[in-house]
Structure formats: C-alpha cells, structure tokens
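K.L.:
Let's have the full structure, built from the sequences with the hints guiding it.
First to last, the protein sequences are chains P and W.
Numbering that gives the first Met the number 0 puts the first residue of the first sequence at 0, with every later residue one more than the last.
Numbering that gives the first Met the number 0 puts the first residue of the second sequence at 0, with every later residue one more than the last.
Treat the hints as calculated values from the structure; they're not laboratory data.
Even glycine gets a Cβ: it sits at the ideal position worked out from N, Cα and C.
Among the hints, a few may not be true.
[Stated by the list, open to error] Only pairs whose alpha carbons sit at most 25 Å apart, straight line, appear in this in silico DSS-like list of lysine-lysine: (1) W/K581 x P/K65; (2) P/K6 x W/K473; (3) W/K197 x W/K266; (4) P/K65 x P/K107; (5) W/K266 x W/K115; (6) W/K197 x W/K115; (7) W/K473 x W/K561; (8) W/K413 x W/K197; (9) W/K473 x W/K266; (10) P/K137 x P/K44; (11) P/K5 x W/K115; (12) P/K6 x W/K413.
[Claimed, not checked] To give an idea of the interface, some chain W residues facing chain P are shown, with a C-beta separation under 7 Å as derived from the structure: (13) V359; (14) W388; (15) R391; (16) R523; (17) P526; (18) T584; (19) R612.
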Amino acid sequence: MTPRRKKRLYLVGLMVTGVVVAAAFALNAFNENLMFFYAPSAVAKGEAPQDHAFRLGGLVTDGSVKRQADGLTVVFDVTDNAQTVTVQYTGILPDLFREGQGIVANGKLRDDGIFVADEVLAKHDENYMPPEVADALKTAHEEGTGAAATAAKTQ
Amino acid sequence: MIPELGNFALILSLCLALVLAIFPMIGSLNHTPGWVALARPAVWGQFVFVAFAFGCLVNAFLVDDFSVLYVAQNGNTRLPDLYKVSAVWGAHEGSLLLWVLILSAWTVAVSLFSRKLPAEMLARVLSVMGMISIGFLSFLLFTSNPFDRVFPVPLEGGDLNPLLQDLGLAIHPPMLYMGYVGMSVAFSFAIAALIGGKLDAAWSRWSRPWTLVAWTFLTIGIALGSWWAYYELGWGGWWFWDPVENASFMPWLAGTALIHSLAVTEKRGAFKRWTVLLALLAFSLSLLGTFLVRSGVLTSVHSFAADPARGLFILMFLCIVIGGSLALYAWRAPGVSSGGAFDMVSRETLLLGNNVLLVVVTAFILLGTLAPLVYDALGWGKISVGFPWFTRMFVTFTPFMVVLMGMGPLARWKHQNPGELARRLSIAFVVSLGAGILTTLPVFYEGSIWAGLAVMLSVWLVTTLFISVRQRLKARNGLSGIWQDIGSRGGRSYYGMVVAHLGVAVFIIGITFVSLFEVEEDIRMSPGEAVELAGYSFQFEGVEPHQGPNYRADRGTIRVFKAGNEVALLNPEKRTYLVQTKPMTEAGIDAGFTRDIYVSLGEGLGGGAWSLRLYYKPFIRWIWLGAILIGFGGLIAATDRRYRMPVRHRVSAAARAGSDRLAAEGKA
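P.N.:
Okay, here's the thing in structure tokens:
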C-alpha cells in the first residue's frame with residue numbers, strides 16, 4: 000500500500016466512523032421523537048400509550064367547548080363519531096378552532112383519561128380536514144358506531 | 000382571447016424546448032455546427048413565449064377575467080393591484096408557470112453570459128436545461144394548465160388566500176424559485192461535463208458563479224419565508240421544520256456543500272466526482288421540494304389541492320432526472336482522474352469534513368421529512384416527527400461545522416503543518432473561550448452554558464476571520480491595500496467568504512439567544528389592565544372594530560412601557576377577510592436591534608376582556624440579519640473578477656477559433 004493510499008484510507012475510515020456514530024445517535028433520538036396518531040376510538044380501546052406523547056385527532060363535538068374560570072384553559076371533546084375523548088388545553092387556540100371543525104392535538108393522556116394537549120392545530124382552511132382525521136372518521140364509520148375502530152393505526 | 004394566446008404561446012415554447020433539447024445536443028456530439036447554433040435562438044424563443052404567456056396570466060388577473068378558472072379561484076375584483084399580480088403565483092398552476100418562466104430566464108442568462116464557453120459545451124448545457132424545461136412545460140400543459148376556462152363565468156373570484164396577501168409573501172416564492180431553478184444551472188453544467196467526459200478546473204470555474212447566484216437567491220428566499228412566518232402567522236415562530244421549509248432547506252444545505260466543493264475543484268482539481276454528485280443532489284432535492292410542496296402529499300399551509308395525477312407526473316419526472324443523471328454518472332465517473340493529492344491536515348480535509356457534515360444533516364432532514372410518508376405507505380401507522388428531533392439534529396452537528404469553518408480559512412491547501420495551524424488558532428481559541436465563559440456568568444440575561452457555547456462559536460468565527468484577513472492584508476500593503484485587494488482576481492471570492500461566515504456568526508447568536516431567553520405568556524386582559532413581562536409593562540387599552548379594504552378587523556391597542564417611558568404602541572388585529580371569511584391574526588410587533596416585542600390577539604372573552612399572547616424576543620432580528628449577510632457574501636463572491644473574462648483572453652479565444660464559424664456566431 001502506498002503511503003498516499005494509506006493516508007486516504009485513514010481519512011475515509013475516520014469519516015465513515017463519524018457518520019456511523021452520527022447515524023446511530025440520530026436514529027435513537029428519532030425513535031424517541033416519533034409521535035403516532037390515534038383516533039378517539041383507538042384511545043378508548045386503550046391502544047394509545049400512557050406515558051408517551053401522541054397526536055389525537057377528530058372533530059370538536061358541538062357544544063362541548065367550555066372555558067375555565069382563568070379564561071385561558073379550555074376543555075372540549077374530540078370525536079370520530081364513534082368514541083369521544085376529552086381534551087384540556089391552556090393557551091390561545093388557533094384562529095380556525097371551532098365546534099364541528101377537524102383538529103389535531105399533540106399531548107399526553109392523563110390517568111383520569113383526559114388528554115392534556117400542549118398544542119392544538121387547526122389548518123388554515125375551513126373545508127380542510129386533516130387527512131388523519133378524515134381517515135379516522137371513515138374507519139369509524141365503516142366499522143359501524145359502537146364497534147371499536149382501530150382507526151388510523153393499523154398494524 | 001388573450002388567455003388562448005397565452006396557452007398557444009406555452010405550446011410553442013414547449014416545441015422550442017423540444018428543439019433545444021434535441022438538436023444542439025446531437026449537434027454537439029457529432030460536431031454539426033449548424034445544429035449547435037440552434038441553441039441560442041431556441042433559448043430566446045422559449046423565453047419570449049413563456050414570458051408572453053406569463054404576461055397573459057398577469058393581464059387576466061388585472062382585468063378580473065373570471066372566465067379563466069385559475070383567476071376565478073384566486074383573483075378578486077377588490078384585491079389591491081399588487082396582490083392581483085402576486086396572486087399569479089399564489090396557487091399551484093401559476094406558481095408552476097413562474098417556475099418555467101424563471102427556468103427560461105436562467106437559460107437565457109446562461110446563453111448571454113457564457114460566451115467564453117466552447118460552443119459545444121454551451122450547447123450541451125442549454126440542451127440539458129431545455130430537457131428540464133420540457134418536463135415542466137408538459138407538466139403545466141397536461142396536468143395544470145393555468146389558462147383553463149370555466150363556464151358559466153362566475154361574477155366574482157374566490158380571492159387570494161388572505162395569508163398570502165402580504166408583501167413579504169409576494170416576493171418570497173419568486174426568490175425561492177430563483178434559487179431552486181438556479182440549481183438547475185449547476186446541474187446542467189455537471190451533466191454537460193459528464194457527457195463531454197471532461198471535468199476540469201475550467202468546468203468548475205464556469206459553474207461557480209451560477210451556483211453562487213442561485214444559492215444567494217435561495218438563502219434570501221428562505222430568510223424571507225421565515226420572516227413572513229414570524230410576522231404573519233401570528234404565533235411568533237420563525238422556523239417550524241415544516242415539510243415545506245425542509246424542502247427549501249435541503250437544497251440549500253446541498254448547495255452550500257456544492258459551492259465549497261466547487262472551490263476545491265477549481266483551485267486544486269480535487270473532489271471532482273464528489274462535486275458533480277453534489278450538483279446532481281442539489282437539483283434533485285430542489286425537484287423533490289417541488290414534489291413535496293406541489294403534490295400535496297405532505298400537508299401544510301403551502302400545499303395546494305392534492306391531485307394524484309400531478310403527484311405521479313412529478314414522481315416520474317423525478318425518477319427520470321435522478322435515475323438518468325446517476326446512470327450517466329456511474330458510466331462516466333470512473334473515467335475522471337482523481338485530482339490533486341492532499342494531506343490529512345490541509346484545507347481540503349477541513350472542507351471535506353464540512354461537506355460530509357452538511358450532507359449528513361441533509362440526509363437526516365430528508366429522513367425526518369419523508370418518514371411520515373414511508374410509515375404511512377408501509378402501514379406502520381400515521382406518525383409525525385417532532386420538532387425537537389430536527390432541532391436536536393441541527394444543534395448537535397452545527398457546532399462541529401462551525402469549528403471547522405473557523406479553521407478552514409487559516410489552513411493551507413495541500414499540506415498544513417499541524418503545529419503551525421494550532422499556533423495560529425491559539426489566540427482565537429483563547430479569545431472565544433474567554434467570551435464564552437463570560438457569557439455563562441449571570442451578567443448577561445441569566446447566563447447559560449448554551450449561550451456561552453453559542454457566543455464561543457460565534458466569537459471563534461469572528462476572530463479566526465479577523466486573523467485570516469489580517470494575514471492576507473499583511474502580504475498586500477496592509478489595511479490601505481484592502482480596496483485594491485477586493486478588486487483583484489480572487490479578491491471578491493475571499494471577501495465574500497468573510498462576509499458570509501460573519502453572517503453565520505451573527506445567525507448563531509440570533510437563534511441561540513431567541514431560543515434560550517425568549518419570554519412568552521398567554522394571558523387574559525381587561526381594558527386598562529397592565530402586566531409585567533421581561534422588564535416591560537404591557538398596558539391593554541381595549542379592542543376596537545376597524546375596517547380594511549377587503550377585511551374587517553378587531554384592532555387592539557397595547558402600550559408598552561419600560562421604566563415608566565412608553566417605548567411602543569402596538570395594534571395587533573384579528574381580521575376577517577370578506578370573501579374567504581377566514582379569521583387571521585395580525586401581530587403587533589415593535590422591532591429592535593436587540594429585541595422584538597410581539598403581541599397577538601387571541602379571542603374576545605366577553606366584557607371587553609381578551610386573551611392575548613405576549614412575547615419578548617431577544618436578538619431575533621439577528622437571525623435574518625445573519626441570513627442577509629450570508630446571501631450578500633454569496634453575491635460578492637459571484638462578482639469575482641476571474642469569472643468575468645478579461646478582454647485580452649476573449650480576443651485571443653476568438654482569434655484561435657477564427658476559422659470556426661461557430662465561435663463567430665457565439666460572439667454575435
């Protein structure tokens with residue numbers, strides 16, 4: 000092996016090692032940061048994780064939005080027309096949040112079954128339905144009301 | 000009638016694109032000067048017809064011709080004229096037309112400013128650009144024609160999305176497209192060079208200024224998008240790792256790697272294959288960006304109506320471009336000589352290290368952006384990749400890049416004595432370490448290890464650049480020689496680098512300080528109430544109705560005091576646009592060099608009380624200031640003297656090719 004080749008080999012070896020270490024780190028962190036989407040039916044079935052954040056989506060039930068005394072905490076129900084989950088959120092809701100609108104919320108499930116959201120998303124279009132929510136509604140509808148729908152997460 | 004003319008012009012330009020893609024390419028391969036000479040007229044013809052079609056669409060918007068479906072969907076008689084024009088690229092079809100217009104403009108620019116290129120090489124470059132143009136023009140004509148008519152003709156248009164009725168967003172897409180499409184020039188140069196089998200220093204010198212200009216536009220386009228999101232979306236964020244932002248950031252990262260790699264190829268003849276690969280990558284990522292944004296597979300504010308036919312078309316186009324160019328690469332690359340050798344410690348190694356880091360970060364962002372698609376397609380469930388992951392990836396790898404960035408300009412090409420480099424860097428190291436430690440002490444905000452690290456990296460960049468400039472000037476008459484040096488060959492390349500790297504130093508301070516020391520509060524306020532936040536007192540005076548040209552608004556009044564003195568009067572609004580009836584939050588912002596105060600209205604809580612969101616954002620302007628410096632650096636570098644052909648050289652080139660009719664035509 001010529002000295003030049005040897006040098007190049009070292010360089011390549013160094014870089015490959017670096018990239019492998021970086022990739023291992025990134026993929027590890029990646030798994031921790033993945034958030035799965037669950038429809039209310041799936042949450043009711045107990046499929047959603049208890050200790051890990053996830054995304055919950057569905058329609059805001061008409062007449063369910065209640066503002067707490069502090070003026071900032073809001074409690075409302077999210078439904079896929081089969082099951083309903085109660086969501087609690089403190090802060091300013093997006094412009095397009097309203098009853099009957101499809102929304103997606105990020106957060107964690109509390110022990111009492113209330114979903115505490117860190118973030119509530121409603122897209123900037125009145126006719127727009129988040130695709131996950133549209134799918135969840137369809138699945139719940141197809142499986143009939145009352146039947147536990149696996150909704151979006153089909154494994 | 001005029002829309003039909005526009006449509007016809009588009010068809011004609013597609014025909015000319017076909018001519019451009021076929022004849023000059025074949026002519027360059029079998030050395031037929033007549034066919035090669037077709038390139039220039041075809042380029043001009045294509046541009047003129049596309050520009051005409053674009054003019055027709057602009058006209059349709061200005062005269063409110065709602066018989067055109069696209070105008071009926073996105074125009075409105077009450078829209079101010081400025082937004083009537085920007086509505087042209089406010090949705091899918093028109094933005095594609097803008098894309099094609101910019102592509103044909105770039106093609107014309109290449110044919111105008113590359114007269115020093117050998118005619119056959121130029122013909123190949125233009126031909127490859129013609130092929131890209133075919134792809135986009137047929138996409139436009141077959142799946143998303145902006146001139147489609149609608150019957151019955153509606154009386155009023157559907158209006159432009161209120162979010163887009165803003166000056167920042169009127170110029171954001173053209174800037175971004177200039178960058179995206181500009182990467183096609185680097186791509187075409189790479190493909191043309193691969194076809195010719197000649198990858199040399201001359202090739203990289205030709206494509207460098209183009210790549211720099213495209214990269215500058217991309218930088219400014221991304222910065223504008225971020226700025227727009229900050230003041231228009233009303234929740235104070237400036238970057239969301241949204242798929243669409245990632246789609247523009249990935250080509251930028253690849254482009255950044257490319258301009259550095261091109262420098263090595265030009266100066267040292269090394270990294271040739273790697274440079275070509277980066278050029279292919281940068282443009283492929285631009286195309287992927289279009290695919291992600293325009294097909295609507297990933298949903299975001301930007302994605303227009305999802306249409307599988309369009310998605311399929313772009314996917315096929317993408318496969319042809321990436322597959323074809325990689326096949327060509329695989330065929331040609333083994334024949335490329337590996338250029339100048341270099342040692343383990345040398346500027347080449349440092350640049351290579353940064354290149355690898357940039358590509359690794361690009362790969363991670365690609366992973367995070369596409370993972371939801373892959374999971375969905377494989378039936379593993381619907382996922383989203385959290386914002387924190389992207390941020391963590393970026394924050395983990397950027398410091399290494401910055402360390403290398405500081406060392407690069409001080410290291411020698413080919414071989415660098417490690418001890419000598421360490422000695423040169425020692426002052427910078429001590430100064431930046433000192434500045435970092437000082438920042439961790441609670442004299443400045445509350446002090447933080449991370450802020451210390453950021454200041455250390457930033458000062459590291461500034462001091463190493465200072466040392467480098469000082470060294471350079473020492474050999475050139477000292478400080479008085481700086482103007483002469485800027486005008487010299489290679490001078491602007493160097494000073495462009497200095498400015499861009501200073502921009503990175505500013506940018507680092509901006510993102511770190513706003514992330515660490517930002518104060519945010521959601522609060523309920525009644526008229527007359529005041530609240531303290533980050534040393535400022537916010538006094539809410541209530542909300543009044545307000546009438547805009549095409550919207551109604553609730554306008555709040557907030558007075559901001561610091562130590563008893565009024566520093567700002569903010570009027571955040573909650574608008575309802577009359578046509579699309581979308582509510583919109585218009586933030587009230589008091590901008591400053593070291594801090595922004597940002598207030599947005601939530602909703603009325605009855606009795607005059609409102610929910611409000613208050614922000615104190617330190618150093619946020621530095622993010623965009625840094626981006627502007629980075630872009631400006633690119634622009635300075637692109638105007639370097641050695642890219643402009645000296646007159647003497649041009650004459651001799653023409654004389655050499657005196658008998659060649661081609662060269663004479665090329666000059667005409």
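K.L.:
Under the criterion of a CB-CB separation shorter than 7 Å, is W/R523 in contact with chain P as hinted?
P.N.:
holds (3 Å)
K.L.:
Do the alpha carbons of W/K581 and P/K65 lie within 25 Å of each other, as the hint requires?
P.N.:
holds (23 Å)
K.L.:
Holds or violated: is the Cβ of W/T584 closer than 7 Å to a Cβ in chain P?
P.N.:
Because about 6 Å separates W/T584 from the closest Cβ in chain P, which is inside the 7 Å limit, the hint holds.
K.L.:
Identify whether the interface hint at W/R612 stands, where standing means a beta carbon of chain P within less than 7 Å of its own.
P.N.:
Since the shortest Cβ distance to chain P is 5 Å, the answer is holds.
K.L.:
Mind checking the alpha carbons of P/K65 and P/K107 for me, to see if they're no more than 25 Å apart?
P.N.:
Within the cut-off at roughly 20 Å; holds.
K.L.:
Given W/R391 as an interface hint, is its Cβ closer than 7 Å to any Cβ of chain P?
P.N.:
holds (6 Å)
K.L.:
Take the C-alpha atoms of P/K137 and P/K44, compute the straight-line distance between them, and say whether it is at most 25 Å.
P.N.:
Holds, at about 17 Å.
K.L.:
Given the hinted pair W/K197 and W/K266, is their alpha-carbon gap at most 25 Å?
P.N.:
holds (16 Å)
K.L.:
Using Cβ atoms only, decide whether W/V359 comes closer than 7 Å to chain P, and label the hint accordingly.
P.N.:
holds (6 Å)
K.L.:
Next pair to validate is W/K413 with W/K197; report whether the Cα-Cα distance is within 25 Å.
P.N.:
With a Cα-Cα distance of about 23 Å, the restraint between W/K413 and W/K197 holds, given a limit of 25 Å.
K.L.:
Take the shortest C-beta to C-beta distance between W/P526 and chain P; is it under 7 Å?
P.N.:
violated (14 Å)
K.L.:
With the threshold set at 25 Å, check whether the alpha-carbon distance from P/K6 to W/K473 stays at or below it.
P.N.:
violated (34 Å)
In summary, the numbered hints that this structure violates are 2, 7, 11, 17.
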